[in-house]
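Could you put together the complete structure from these sequences and hints?
Now for the letters of each chain:
Protein chains: 4
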Amino acid sequence: MAAGSLRRVGILTGGGDAPGLNAVIRAVAKSLMTKKDIRVIGIEDGFQGLIENRMRELSWGDVSGILQSGGTILGTSNKANPFENPTLRDGKVVRLDLSEQTLRNIEKWQLDAIVCIGGDGTMTISRRLVERGVPVIGVPKTIDNDLYGTDITFGYDTAVSIGAEAIDRIHTTAQSHHRIMLVEIMGRNAGWLALGAGIAGGADVILIPEIEYELDAICAKVEERSRIGRRFSIIAVSEGAKPRGGEVVVSRIVKDSVEAIRLGGISIKLGNEIEDRLGRETRATVLGHLQRGGSPTAFDRILATRFGVGAADLLVQGKFNQMVALRGDQIVSVPIHEVGGRTRTVPPDSPLLAAAEAVGTCLGIAC
Amino acid sequence: MAAGSLRRVGILTGGGDAPGLNAVIRAVAKSLMTKKDIRVIGIEDGFQGLIENRMRELSWGDVSGILQSGGTILGTSNKANPFENPTLRDGKVVRLDLSEQTLRNIEKWQLDAIVCIGGDGTMTISRRLVERGVPVIGVPKTIDNDLYGTDITFGYDTAVSIGAEAIDRIHTTAQSHHRIMLVEIMGRNAGWLALGAGIAGGADVILIPEIEYELDAICAKVEERSRIGRRFSIIAVSEGAKPRGGEVVVSRIVKDSVEAIRLGGISIKLGNEIEDRLGRETRATVLGHLQRGGSPTAFDRILATRFGVGAADLLVQGKFNQMVALRGDQIVSVPIHEVGGRTRTVPPDSPLLAAAEAVGTCLGIAC
Amino acid sequence: MAAGSLRRVGILTGGGDAPGLNAVIRAVAKSLMTKKDIRVIGIEDGFQGLIENRMRELSWGDVSGILQSGGTILGTSNKANPFENPTLRDGKVVRLDLSEQTLRNIEKWQLDAIVCIGGDGTMTISRRLVERGVPVIGVPKTIDNDLYGTDITFGYDTAVSIGAEAIDRIHTTAQSHHRIMLVEIMGRNAGWLALGAGIAGGADVILIPEIEYELDAICAKVEERSRIGRRFSIIAVSEGAKPRGGEVVVSRIVKDSVEAIRLGGISIKLGNEIEDRLGRETRATVLGHLQRGGSPTAFDRILATRFGVGAADLLVQGKFNQMVALRGDQIVSVPIHEVGGRTRTVPPDSPLLAAAEAVGTCLGIAC
Amino acid sequence: MAAGSLRRVGILTGGGDAPGLNAVIRAVAKSLMTKKDIRVIGIEDGFQGLIENRMRELSWGDVSGILQSGGTILGTSNKANPFENPTLRDGKVVRLDLSEQTLRNIEKWQLDAIVCIGGDGTMTISRRLVERGVPVIGVPKTIDNDLYGTDITFGYDTAVSIGAEAIDRIHTTAQSHHRIMLVEIMGRNAGWLALGAGIAGGADVILIPEIEYELDAICAKVEERSRIGRRFSIIAVSEGAKPRGGEVVVSRIVKDSVEAIRLGGISIKLGNEIEDRLGRETRATVLGHLQRGGSPTAFDRILATRFGVGAADLLVQGKFNQMVALRGDQIVSVPIHEVGGRTRTVPPDSPLLAAAEAVGTCLGIAC
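Residue numbers (the working numbering), protein chains in the order written: chain F, 1 to 367; chain S, 1001 to 1367; chain C, 2001 to 2367; chain L, 3001 to 3367.
Careful, some of the hints might be misleading.
Think about it this way: if two alpha-carbon atoms lie no more than 25 Å apart in a straight line, the pair counts; the simulated SDA-like pairs of lysine to any residue are [as the list claims (entries may be wrong)]:
{"id": "1", "chain 1": "F", "residue 1": "K35", "chain 2": "L", "residue 2": "I3365"}
{"id": "2", "chain 1": "L", "residue 1": "K3036", "chain 2": "F", "residue 2": "K35"}
{"id": "3", "chain 1": "L", "residue 1": "K3092", "chain 2": "C", "residue 2": "K2036"}
{"id": "4", "chain 1": "S", "residue 1": "K1269", "chain 2": "F", "residue 2": "D349"}
{"id": "5", "chain 1": "L", "residue 1": "K3319", "chain 2": "F", "residue 2": "D349"}
{"id": "6", "chain 1": "S", "residue 1": "K1035", "chain 2": "S", "residue 2": "S1064"}
{"id": "7", "chain 1": "C", "residue 1": "K2269", "chain 2": "L", "residue 2": "N3272"}
{"id": "8", "chain 1": "C", "residue 1": "K2079", "chain 2": "L", "residue 2": "I3365"}
{"id": "9", "chain 1": "C", "residue 1": "K2036", "chain 2": "S", "residue 2": "A1220"}
Hints were generated in silico from the structure; no laboratory data involved.
Quick look at the structure:
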């Protein structure tokens, strides 16, 4: 499709909410409306709205004053998938192919392209839409920062800030009570969030999925601190952290296909083990949903705005089926089919790991 | 003892830490040092330092620049008790009377009086010290706000603020995902904290220990909101909330006498019940230790300063064995023997309850 | 008018915006809508909307999700006055009586009563409306906290918090650079705000309009601190502070009747004098509009909600021509004609002044 | 000098304080102490301490718990310069060469190298020390972000955050009162700070030194907003912004060589001009020192830690006379003699400018 023929663009947000979603929506919409006289159609609740034909045209007023607000004005859904939509049938979850009706909805609304803001799952679905002939632009979103193809995603800086603030608060209790305090931070597959929050909060131990931890090493660090008069320790734990040769502690009970309430897993198990081993008071705090809510940081507002503007640029240039990405200080694009299904974990030679170690942080192994 | 003979005053912080402890320490110490040439002796780790003779004289520098900082520069302990100190003997906890050595330590340091900053437990021990002839001034502290004898305690406003901020953050996720979100807030015996945070955060349902809740009423509220297009609900739950005729959910595992790691109790149980009943996505977040850490609010800094100054005034006037208290806008004092062992719960005719109901908040019963 | 006949209530916000206005609007509207089937009419831009007949009915959705937001969804105006409205005529400001058209607008919209949320000016106009037969309920608002008839007003706690946070930030610069830093805080007639922020921020000197300051005393305090090794000082200054026998520094240029841009007055003048006297680096910061914006604190959200609920209660009871007020911990009401035109200043025996002095703060006079 | 012979390292902070200085000090000191058995000597008040021989050895305890704190535990000075130190002589400022005594002090303390944390001025002095044979490692610091040689400096993200937060707060007042609000932000030579804060805060107009503004363009933007019902506008102004062909408004009075109290310049002048032109209420707020104080953001804590670790690495490797720098995501080093005296301004093709324009922000020229 030639750029000149771009008249109507759909936009949706998929997967877990993240601070900055509204900033992207605003930037895409204002960019297109301001200069190019293109109509922007908001799709409700992610792919669910695409499946169920729930959309509405966005006005300038709809996208004004939302830069600062958390969540997404469009709503989102974690599970909807036009190609295999989970549906309860006779008490069982079956996966239905609803792609035909989805494509018809796109046609009905005369969408020339769709901006899909989301993480790995969203990009995987986007790729399949592309394969069916729908022009798509992806915008990367995951507070875990583990999405392939971009140096960083919006939402990550806010989540790191919230994690660091939590460690700051817990620091005063740890110090006053001479306790070992564990803070469980999101990140099932990648440790970016615990690593960032741990460095920023000055955690004494940081445990991430990429480095299997040894209880001995952790306890040795705690004891070494005691010897130099630091009678408390703070341990930042990724929810996906696991002991050497051990398993990830399931922190969510799965009932049917419905994800159940988060219990907090590894931090409680590990806290008990440390308490048993050292006979010291230990407490765990699970940050959970606090990490993804609230107003985005200035950094994330700027990054999200740049991503949104970048997406609009690609649309106008007719460069479809790309995901915008940050590379160094530049907004670039990567083919959407290269992105889905790959996880960006913390590499062993990450400068963040080196920095943490240099200031004396234990990474769960002999240190 | 006549006021003129006051030369050396001990000061300790007991029980869980609370934002504002340092502001009290500073105000007591500066008040006494500034005008009255009295020496102030900091006792380490609450009554444990008194038992173990760990004290140090405080200088002006020690108490400068601490107004803003959370925790306590003196350290605290939850369990030390001169009259029945929990001690491990052959794997069992026995309670030892260490009052003689404690009194000797007080004599050694020539303490003319002790300022005890703490909650119900601290006031109970203080009363027993008074009975043994030690002049004591109490300063009330509990983020739960359930201490008898004072309208409000420092730390409460900060804890309410943190709770409200948590609800703000969770609000964006609840709204974006159309979920039911529960936030578990401290308060085993009294609902002040959940009530304050719930009103300030605009929770749709607030559950407190004083009002046994009915699952039916909660679900009815959630459904009613759905009908008017509000597809999410936020439930603020005191950790001590319980169903009509039911039991408090034990949220802490007790191993021997050692309090174990907090698991989060009622919010998870209740969340599962609501999910089962309504078939709606439900998530729970347990604030835990985040509520008591960090820098005190301006309100708490001012209140804590006033309490500290009030305590110093009582000392100089020789009015011992009193706890400072807030009554309306005045700092007053109440006899310390009237305070310990009594809990101030939310009364049925509390204007806060009426205000919550008036704006449409469900209190867990037919609403 | 009997309570039963209450069908339509107008609501307006007048004067400078304050954090918590939306919380009051929400509480009034939800209280009335929830239980009593009364329609709530939002009047735009304070009395200006009443004069110009700009109003709209508020829905439940209009007043949902606004508890946390600063400003006022209704808009406000500083100058509109139905009885003497400032109007430019041939380059001069004349004051016109527009009360007849205002009363006609009230009739057109069939308003049975009006809730007027505002400060001294708003209450003075409200009293005149009452005299013309319009049933009014007042809700007190002023971040300066100088309104007669209530212990405290919403917005004050937020403004104190912002002031204290500013002092916290400036503290690090003052200490790093060994400077004297002045922070100019709102309060032309009363020193509540500077006093609260100063105590909460640990200012070394606090200057308020109620106590004429002496340059000698301030410089002596700064020098005394230097002698004990504290090479910096922080001075919290009310914009209305003035030297003994001196004048208030005009911090606003008045062009015609239009208030011009704030320049910052007393803090700059005083800073220069201190620098000249002591030869020490001095810097001033004028908080200005930062003090009245942003999300209200939890305290203010609760107080504003209670005021709104209290106003609705008075309406339903038919107790008109009252202003809701806080007395101790109770919401009470005072006749509106007692309120306007009186300023509540900091009394010489204020416990806040005593507390500030007790911890060593200089109040601008020999200390 | 070979790496193996590194035994004693001095460290100083020069120029205006910035959030993250303590994080750098901690990272340098802990890195060196942890692994390499090197002593770290803290130099007080920047180059002034070096001139006056005021230094002290830092212990592990000295650099613990300071990650979160603003300012600098070492103190700083804006004016001290070993090569031309400003000194009052007979009421005039003369510049003295004190380099000999400075070098003697370095010898007395047996400093094998000095870590100089600071901005352009500090790097210029560092270069001259290098020329005199003192091994130096530079760490870049400037909240203005205009230092040559590094993509970004610590302190910038915090300053942007504070600026954005200020705009958020002022937004509610602007909207409630339908006003034009100007926010004056630091940046005499470069507009990075106003640009970042303006984008993150959603300012309608952003004025930076690099683009000379036209009053016509600004007023046109404000009027255009009015036409679409946005009756308020927010203008973010760099202190160094200037009209086409005009001069920078001097915002500081210079008395002798002593910088006088900040008055706020351009925002007040421009605000008056807009008010005169449009007859609309206009207000200005000058952020001033609020921008550089307080706790650093998580981003800055991480960057400062990485810079500190990088500096320690260079020391241990014996790679002296370099400044650490961020290039993309890597910590690199640049020769210190390339840095001083050059300013990094916002280039015309900056993606930040393009992003701002894309979402409809006016940059002060026809837009």
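Q) Can the restraint linking K35 of chain F and I3365 of chain L be considered satisfied, given a maximum Cα separation of 25 Å? A) Status holds; Cα separation ~16 Å.
**Q.** 25 Å limit on alpha-carbon distance, applied to hinted pair K2036 of chain C and A1220 of chain S
**A.** holds, 20 Å
(Q) For K3092 of chain L and K2036 of chain C, compute the direct alpha-carbon distance and say whether it is at most 25 Å. (A) The given pair, whose Cα atoms are some 77 Å apart, is violated under the 25 Å limit.
**Q.** K1269 of chain S paired with D349 of chain F [C-alpha distance capped at 25 Å]
**A.** Roughly 43 Å separates the two Cα atoms, so the pair is violated.
Q: Compare the distance between the alpha carbons of K3036 of chain L and K35 of chain F with 25 Å, and conclude whether the hinted pair is satisfied.
A: violated, 59 Å
(Q) Holds or violated: K1035 of chain S and S1064 of chain S, Cα atoms, limit 25 Å. (A) holds, 16 Å
Q | Pairwise hint evaluation, I3365 of chain L against K2079 of chain C, where the allowed Cα distance is 25 Å at most | A | violated, 34 Å
Q) Does the structure keep K3319 of chain L and D349 of chain F at a Cα separation of 25 Å or less? A) holds, 22 Å
**Q.** Straight-line alpha-carbon gap K2269 of chain C to N3272 of chain L, limit 25 Å
**A.** holds, 22 Å
Going down the numbered hints, you'll see the structure goes against 2, 3, 4 and 8, while the others check out.
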